[in-house]
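Residue numbers (the numbering used here), protein chains in the order written: chain A, 12 to 353; chain B, 12 to 353.
Hint data in this document are derived by calculation from the structure and do not stem from the laboratory.
Note that the structure is predicted; figures quoted are calculated from it, not measured.
Incorrect hints may appear among the rest.
Since the list can't tell identical chains apart, any single copy or any two copies may satisfy a pair.
[Unchecked claim] With a Cα cut of at most 25 Å, we get these calculated SDA-like pairs of lysine to any residue:
| # | residue 1 | residue 2 |
| --- | --- | --- |
| 1 | LYS308 | TYR241 |
| 2 | LYS77 | THR288 |
| 3 | LYS194 | TYR241 |
| 4 | LYS269 | SER76 |
| 5 | LYS227 | ARG204 |
| 6 | LYS308 | MET205 |
| 7 | LYS308 | SER298 |
Protein chains: 2
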Amino acid sequence: MSSQKVSLIEIEKLLSKAAAKFVSLEEAQYFAKAQIECTLFMYPDVNPINSAVEDLESWEKLKASKIEIQVDKSGTFLVDFNRLGPSLKLKWVHDKIEEKAKLNGIAMFGLNNSNVTDWLKLWTYGLAKRNLIAMYVFNGGLGTVPYGGSEPIFGTNPLSYAIPTEDDPILVDMATSESAFYKYSRALKDKHRMREGVLVDQNGNLTCDPVIAISKDKENARILPMGGGYKGYNIVLLIEILTGALVRSFMGLEKSAKYTKHEYGGLLIAIDISGLTDLDKFKSSVSKMCKDIRSQKHGDHVTQVIVPGDHAHFRAKKLRAEGVLELDLGIYEKLKNWESQK
Amino acid sequence: MSSQKVSLIEIEKLLSKAAAKFVSLEEAQYFAKAQIECTLFMYPDVNPINSAVEDLESWEKLKASKIEIQVDKSGTFLVDFNRLGPSLKLKWVHDKIEEKAKLNGIAMFGLNNSNVTDWLKLWTYGLAKRNLIAMYVFNGGLGTVPYGGSEPIFGTNPLSYAIPTEDDPILVDMATSESAFYKYSRALKDKHRMREGVLVDQNGNLTCDPVIAISKDKENARILPMGGGYKGYNIVLLIEILTGALVRSFMGLEKSAKYTKHEYGGLLIAIDISGLTDLDKFKSSVSKMCKDIRSQKHGDHVTQVIVPGDHAHFRAKKLRAEGVLELDLGIYEKLKNWESQK
Numbered sequence: 012m013s014s015q016k017v018s019l020i021e022i023e024k025l026l027s028k029a030a031a032k033f034v035s036l037e038e039a040q041y042f043a044k045a046q047i048e049c050t051l052f053m054y055p056d057v058n059p060i061n062s063a064v065e066d067l068e069s070w071e072k073l074k075a076s077k078i079e080i081q082v083d084k085s086g087t088f089l090v091d092f093n094r095l096g097p098s099l100k101l102k103w104v105h106d107k108i109e110e111k112a113k114l115n116g117i118a119m120f121g122l123n124n125s126n127v128t129d130w131l132k133l134w135t136y137g138l139a140k141r142n143l144i145a146m147y148v149f150n151g152g153l154g155t156v157p158y159g160g161s162e163p164i165f166g167t168n169p170l171s172y173a174i175p176t177e178d179d180p181i182l183v184d185m186a187t188s189e190s191a192f193y194k195y196s197r198a199l200k201d202k203h204r205m206r207e208g209v210l211v212d213q214n215g216n217l218t219c220d221p222v223i224a225i226s227k228d229k230e231n232a233r234i235l236p237m238g239g240g241y242k243g244y245n246i247v248l249l250i251e252i253l254t255g256a257l258v259r260s261f262m263g264l265e266k267s268a269k270y271t272k273h274e275y276g277g278l279l280i281a282i283d284i285s286g287l288t289d290l291d292k293f294k295s296s297v298s299k300m301c302k303d304i305r306s307q308k309h310g311d312h313v314t315q316v317i318v319p320g321d322h323a324h325f326r327a328k329k330l331r332a333e334g335v336l337e338l339d340l341g342i343y344e345k346l347k348n349w350e351s352q353k
Numbered sequence: 012m013s014s015q016k017v018s019l020i021e022i023e024k025l026l027s028k029a030a031a032k033f034v035s036l037e038e039a040q041y042f043a044k045a046q047i048e049c050t051l052f053m054y055p056d057v058n059p060i061n062s063a064v065e066d067l068e069s070w071e072k073l074k075a076s077k078i079e080i081q082v083d084k085s086g087t088f089l090v091d092f093n094r095l096g097p098s099l100k101l102k103w104v105h106d107k108i109e110e111k112a113k114l115n116g117i118a119m120f121g122l123n124n125s126n127v128t129d130w131l132k133l134w135t136y137g138l139a140k141r142n143l144i145a146m147y148v149f150n151g152g153l154g155t156v157p158y159g160g161s162e163p164i165f166g167t168n169p170l171s172y173a174i175p176t177e178d179d180p181i182l183v184d185m186a187t188s189e190s191a192f193y194k195y196s197r198a199l200k201d202k203h204r205m206r207e208g209v210l211v212d213q214n215g216n217l218t219c220d221p222v223i224a225i226s227k228d229k230e231n232a233r234i235l236p237m238g239g240g241y242k243g244y245n246i247v248l249l250i251e252i253l254t255g256a257l258v259r260s261f262m263g264l265e266k267s268a269k270y271t272k273h274e275y276g277g278l279l280i281a282i283d284i285s286g287l288t289d290l291d292k293f294k295s296s297v298s299k300m301c302k303d304i305r306s307q308k309h310g311d312h313v314t315q316v317i318v319p320g321d322h323a324h325f326r327a328k329k330l331r332a333e334g335v336l337e338l339d340l341g342i343y344e345k346l347k348n349w350e351s352q353k
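The task is simple: from the sequences and hints, build the whole structure.
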């Protein structure tokens, strides 16, 4: 696919203009800024601008749809997105969960029936900048087997968290399966084997061959939980339930074999640090620990001991200085098209 | 150490009588019942009655101490235990977090400066029986290295969660390091090697020798995070902060090299399922998924695919039917001594 270099300033402006057709200008600007930040953390490995455009398209396609608040308690809200892209409502969600967290110390937002949330750090990073601890989990599809098992019953169940420090927030965004699904798909497409400890065969035994790891229904993969053992399984199972039955979404074999976006759910938890302790003292302790971690002698298998997010922040600063990203031409044209619409 | 067979009924009665010297009768009975349940899940691998007695002793020794509520918001409370054993206040904590969770959908309890909480399922199981999802994390000591690192900076940071089903709750209680600390201590004492992927040496490289894995300060171990990779590290780090700086406790190198109980903190989160969705529908979905998990074909490395907690519930039922446990004579005598006191 051919692509084009576009300045960050132009991408942000185009995203904001497009989103403003569907949500308020303030929400649109917040969406655009957050999508750029998220992209800078991940590009060129993946380009979240593509997901941002998918979210915009869902609002264009489903003009008659509205999001529906199913629960609104002092510390909790649950939203049915009616298949709309949730990222356009990021500011609204952040404002509302921040207000509830400040009141109660902790607050929770659940979402179901949405156009999925592909990149979880989009949801957590902005809350850390507001001095909250944010944790977000999502399920999505079938691709992960239970420990000892032979067929996928869980999603790859990603987890993101973000924690304020005196400097950049600590930032995690990872599948809780041993491999993200897109890495499996790439291996299958490129016909290369994966390392030991990632995949199992139809009998539940280890394999490195992505073809042998295709599930019984041929739609999914047999990926192990993180670490390959029962501890990772315990984490994956917890997330499946928090993002399934708890938020009125689907989980386990309730989900269709074929990847079906609106069947997946998410749960965001925010903790107001200043509700429990002194914020400056908290940040100082966390920053001190980060420094202690980074100054450790490292083993031969790594080049340095890092704090989660270090690579992402480094990458973002470099890209911000360069000021341009490659966009697929199709994506760029869609954005230009929204701009040219009255 | 010599030991004696004692009936469950007698142990429960003795625990309850002892606790009633320090807290209300209702709290004492709740403490005794929960300690027995927790023990049935773990015995004979470990015997939590010993920790229950340690908690009782702390109340006897620190007669002038009182617990102090530092934060009490609608969804959150934080308690300084002034080195008292927190398990005697289990009913009070459960009542209070349940009330806050019902009001807000989610609630949080933090504790610091306590006589530690050795067995986390004591804190989560009772909440699942009240139809809440409960998650509890604790830090404790120094024993776990960051991914790629060479010196311990985290505790083994256990995590427990409990989730209601139509039958017995799902129940997890695990260190988020690759090995619990007591397993490392046993290997060191018994002079046996641990398997690959558990320990590192002073250069951050893998070792199976527990002697080589002793930390620089000679007080601790160099245990890897769960799974040995960066994903497990991300989980361990999150728990260190949630149970350290967030709850006004210590974390990382703020903790003494020598294991010092009152320096460790805990965080309990409870979610009111019925605040988000229909409770019966939730339980039915979870139970269906558990059934699907258990019916999977299993790999050669396990004898069956289980749901976390299956072994514990099986063990508890068997022991409940037998009706007796072995108690160390010293422990039994302490309990009898409290009984004989006016």
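Hint check:
1. Proximity of LYS308 to TYR241 under the C-alpha cut-off of 25 Å is restricted to the inter-copy arrangement: shortest distance 16 Å between copies versus 30 Å within a copy.
2. For the identical chains of this complex, LYS77 and THR288 are inter-copy neighbours only, at 20 Å across copies versus 39 Å inside a copy, given an alpha-carbon limit of 25 Å.
3. Taking identical chains as interchangeable, the C-alpha atoms of LYS194 and TYR241 lie at most 25 Å apart whether they share a chain (22 Å) or sit on different chains (17 Å).
4. Taking the shortest alpha-carbon separations for LYS269 and SER76, only the intra-copy value of 24 Å comes in at or below 25 Å, while the best inter-copy value is 60 Å.
5. For the identical chains of this complex, LYS227 and ARG204 are intra-copy neighbours only, at 19 Å inside a copy versus 40 Å across copies, given an alpha-carbon limit of 25 Å.
6. In this assembly of identical chains, the alpha carbons of LYS308 and MET205 lie at most 25 Å apart only when taken from different copies (23 Å versus 29 Å within one copy).
7. Proximity of LYS308 to SER298 under the C-alpha cut-off of 25 Å is restricted to the intra-copy arrangement: shortest distance 18 Å within a copy versus 47 Å between copies.
Checked against the numbered hints above, the structure violates none of them.
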